[in-house]
Amino acid sequence: MSSVLDEIVGILADVLGAEFLMDTQITADTSFSDDLALESIEFVKFSERLQEHYGERVNLVALIGGMDINSIVGITVGQVVGYVEAQLAASA
Amino acid sequence: MPDICANGSRFHVQWLGPKAGARVPTVVFVHGLVIDNLSSFYYTLAGPVVSAGARAVLYDLRGHGKSCRPLHGYTAQEGVTDLCALLDALNLTEPVYLVGNSYGGLIATRLAISAPERVAGLVLIEAICAGPRATAWIEDMVNTMTVGALSLEYEGTAGRYRDAGLRKIAKLATTADALLNGTSLIDDLATEQLLDAAELAALGCPVLGIYGAQSELLDGADDLRRHVRDCRVEVLDGMAHTVLRDASQEVRDIVMGWLPLVMTAGDAR
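So the sequence lines, in the order shown, correspond to chains A and B. Counting from 1, position 49 in the first sequence corresponds to residue 48 in numbering that gives the first Met the number 0; the numbering is continuous, with no gaps. Counting from 1, position 155 in the second sequence corresponds to residue 154 in numbering that gives the first Met the number 0; the numbering is continuous, with no gaps.
Worth flagging that the hints you see were computed from the coordinates, not collected in a lab. Do not take every clue at face value.
Chain A residues, not near chain B, derived (Cβ > 10 Å throughout) [claimed, not checked]:
1. Ser2
2. Ile25
3. Ala27
4. Ala36
5. Leu37
6. Val80
7. Glu84
DMTMM-like cross-link-like pairs, simulated, lysine to aspartate or glutamate; straight-line CA separation at most 25 Å [what the hints assert, rightly or not]:
8. Lys170(B) x Asp13(A)
9. Lys44(A) x Asp28(A)
10. Lys167(B) x Asp5(A)
Fair warning: this is a prediction, and the values are worked out from it, not measured in the lab. All C-beta atoms in this analysis are idealised placements derived from N, C-alpha and C, irrespective of residue type, glycine included.
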């Protein structure tokens, strides 16, 4: 498990509540909508917490800016991990 | 951004783009009722607005999304008071551009009329503010919400969804139940005071209206054409009331084709 995935699981626990995640194994293939039942407003809070954690360079609004609503709904944890890792590498 | 306290309540606010003090235009988004929240704009228009060099300010109306859910204060006029108090709390003293979807458009229009010095431009997406069609729309909403409230309370809708493993819909139902059965929203909506044609005609800022050709609120497009001096109206073929969700790309193109021009003209003034 990558450290970024660990951190993102921690942020998700903060947004959704650790209790909710206790019975959910989160992997790169976990979908925010289908698997985690993340409401759209919770995804906004997740995006905010992600930026607080990693700084301005991680901006999910930019990531989803070019997507249609179906693509946004289908986003997986792995896609966000990949995006965060790419942003961190670009600014290293 | 931390939550903001304004008009005696706590509001969830998302601030995207340049920080306060930077001299760039501000676009404030006002969403619709019950199952809507700021995320409908967050995923559609906020990003393009920021990319165009403006700042985007999104907030959840009282009782909605992640904002506090007080028992009372759900009329459009109270929504205007909330919005003014939020602008003050955020130190947004320059005129802002308001984008309102559905009922949010009624709040935005009311603010543009009652405090024209605070509003530089108005985008109304599927909003109707005056006339018999607006009255009928409010009545329809009251009736639909009343039936929904009864169903949520007595049929245990949220619990049934949860038992069926439909966690996301269960959460939505829980939120709707709390709002419809736990606040004065329906009663407040039933007493809503709508605008008249003369008030619409008093709108002095540029207005963009976007409507679905199949929408029950299409009369709102005619109202704008008839009564508002500086307006542009776009009607999307095959679309109904939910144009922001169902035609988000077209709405984005229309808004981003209009807003920067209006902002430039506003700067020139």
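**Asked** Far enough from chain B: is every CB of that chain over 10 Å from the CB of Ile25(A)?
**Response** 15 Å, holds
**Prompt:** When you look at the beta carbon of Ser2(A), is every beta carbon of chain B farther off than 10 Å?
**Reply:** 27 Å, holds
**Asked** Non-interface claim for Glu84(A): all C-beta distances to chain B beyond 10 Å?
**Response** Given a closest Cβ separation of 21 Å, the condition holds.
**Message:** Please verify that the nearest CB of chain B lies beyond 10 Å from Val80(A)'s CB.
**Reply:** With a cut-off of 10 Å, Val80(A) remains clear of chain B, as the shortest Cβ separation is near 20 Å.
**Request:** Compare the distance between the alpha carbons of Lys170(B) and Asp13(A) with 25 Å, and conclude whether the hinted pair is satisfied.
**Result:** Holds - the C-alpha atoms of Asp13(A) and Lys170(B) are around 17 Å apart, at most 25 Å.
**Message:** A cut-off of 10 Å on Cβ-Cβ distance, and Leu37(A) was said to be off the interface with chain B. Does that hold?
**Reply:** 8 Å, violated
**Asked** Can we trust that Ala27(A) is non-interface, i.e. its beta-carbon lies farther than 10 Å from all of chain B?
**Response** For Ala27(A), whose nearest Cβ neighbour in chain B is about 21 Å away, the distance exceeds 10 Å, so it holds.
**Straight-line alpha-carbon gap Lys167(B) to Asp5(A), limit 25 Å** = 24 Å, holds
**Message:** Confirm or reject: Ala36(A) is not an interface residue toward chain B, with every Cβ-Cβ distance exceeding 10 Å.
**Reply:** 4 Å, violated
**Request:** Assess, step by step, whether the Cα of Lys44(A) is no farther than 25 Å from the Cα of Asp28(A), and give holds or violated.
**Result:** 21 Å, holds
Checked against the numbered hints above, the structure breaks hints 4, 5 and satisfies the rest.
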